[in-house]
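**Q** Protein chains in written order, with the numbering used here: chain A, 768 to 961; chain B, 768 to 961.
Among these hints, one or two may not hold up.
Copies of the same chain are indistinguishable here, so a pair counts whether it falls within one copy or spans any two.
Taking lysine-lysine and the DSS-like style, the derived pairs with C-alpha atoms no more than 25 angstroms apart in a straight line are [claimed, not checked]:
1) 816 to 769
2) 777 to 880
3) 880 to 869
4) 863 to 849
5) 788 to 880
6) 811 to 769
7) 788 to 849
In case anyone wonders, no lab produced these hints; they're calculated from the structure.
2 protein chains.
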Amino acid sequence: MKFLEDRIIKDGVVRAGNVLKVDCFLNHQMDISLFQEMAAEWKKRFADKKINKILTIEASGIAIACIAATAFDNCPVVFAKKTESLNVDGPVYSSKVTSFTKKRTYDVFVSRKYLNPGDRVLIVDDFLAVGSALNGLIDIVEQSGATVAGLGIAIEKGFQGGGDSLRAKGFQLESLAIVEKLDAENNTIEFRKE
Amino acid sequence: MKFLEDRIIKDGVVRAGNVLKVDCFLNHQMDISLFQEMAAEWKKRFADKKINKILTIEASGIAIACIAATAFDNCPVVFAKKTESLNVDGPVYSSKVTSFTKKRTYDVFVSRKYLNPGDRVLIVDDFLAVGSALNGLIDIVEQSGATVAGLGIAIEKGFQGGGDSLRAKGFQLESLAIVEKLDAENNTIEFRKE
Chain A
768 MKFLEDRIIK
778 DGVVRAGNVL
788 KVDCFLNHQM
798 DISLFQEMAA
808 EWKKRFADKK
818 INKILTIEAS
828 GIAIACIAAT
838 AFDNCPVVFA
848 KKTESLNVDG
858 PVYSSKVTSF
868 TKKRTYDVFV
878 SRKYLNPGDR
888 VLIVDDFLAV
898 GSALNGLIDI
908 VEQSGATVAG
918 LGIAIEKGFQ
928 GGGDSLRAKG
938 FQLESLAIVE
948 KLDAENNTIE
958 FRKE
Chain B
768 MKFLEDRIIK
778 DGVVRAGNVL
788 KVDCFLNHQM
798 DISLFQEMAA
808 EWKKRFADKK
818 INKILTIEAS
828 GIAIACIAAT
838 AFDNCPVVFA
848 KKTESLNVDG
858 PVYSSKVTSF
868 TKKRTYDVFV
878 SRKYLNPGDR
888 VLIVDDFLAV
898 GSALNGLIDI
908 VEQSGATVAG
918 LGIAIEKGFQ
928 GGGDSLRAKG
938 FQLESLAIVE
948 KLDAENNTIE
958 FRKE
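If we strip away everything but chain A, and leave its shape as in the complex, we get (with noise of 0.2 angstroms):
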């Protein structure tokens, strides 16, 4: 998992306000080959799960999980959609989110289509903070009776205490890099010791 840590000291920008910024490489620039030593780096951490389909949530998770995916003998990737769109029909599993960055809440849903009971998921972000993201996509998940085999993170804010709460229920988180501390006036980061 280092290899992600050393990518964020060297391309990533701390911004005031534990503003990590890491569009070069991971939500508007996206480098794959990094998604692919990710997905391989999952693979590995979650061999034994059984995994069979991917949920992400739009947009920046959409890459990881799709590259992740290559990596589970290509299962079908969902993504959760956060607004109703003319497209999707028929009945919907939803939950409310609270998106940290953009300081607003939404409702997210997924076609009941593609999730069911037999499903062992994994959920796919880039980011973990506060958890609001990945606890409404575990809450749609455990609406249709489908199992959260594990959660795959990019990067997480350890310091604001989500994946904690998480790994507490007795969820199998793992994220590839945590952050502990941002500095923006010396833009530093300190991840979490092992």
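Position chain B relative to chain A; hints supplied.
**A** Just chain B, lined up with the frame of chain A:
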């Protein structure tokens, strides 16, 4: 390109108002193996184009673009964003896009850092109808001084004219399925003959 037509006939659903629902394999649940076939087909058609970057637009274009990149030496993928985000700063290239399905107009933007005059850009998206999103992305690439090396679309609605208008302007547009007629009453789909 026949494989995508076959899949549309097998799993697509036609709805009133010229809506073709393909959310079970293309834009809600996503079939990664199918996307790999699409990527290989684009690689064949754009083999001599020296593509070094792929540009798409959130949300459903991202998945196809990322898998496409694996066929183009894992080149970087950039996605245009639809709303201002606190996490994108600095100067951007922007354009206006009207969504056919959502019936609204919004601004799309790309950070200037991620498009440069030397770039040879393949623009990828899931759908092409009147061409508003695609024209917005072309506008953004041209603002940056980069070259539009090709346009790769999964499903073109040929009867809505956006694709032929771009071909007339000299762009190499490679749509993997071109729908000419949708009949909601009988759930039938006619494709353009070669």
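**Q** Which constraints among the numbered hints does this structure fail? Numbers only, ascending.
**A** none
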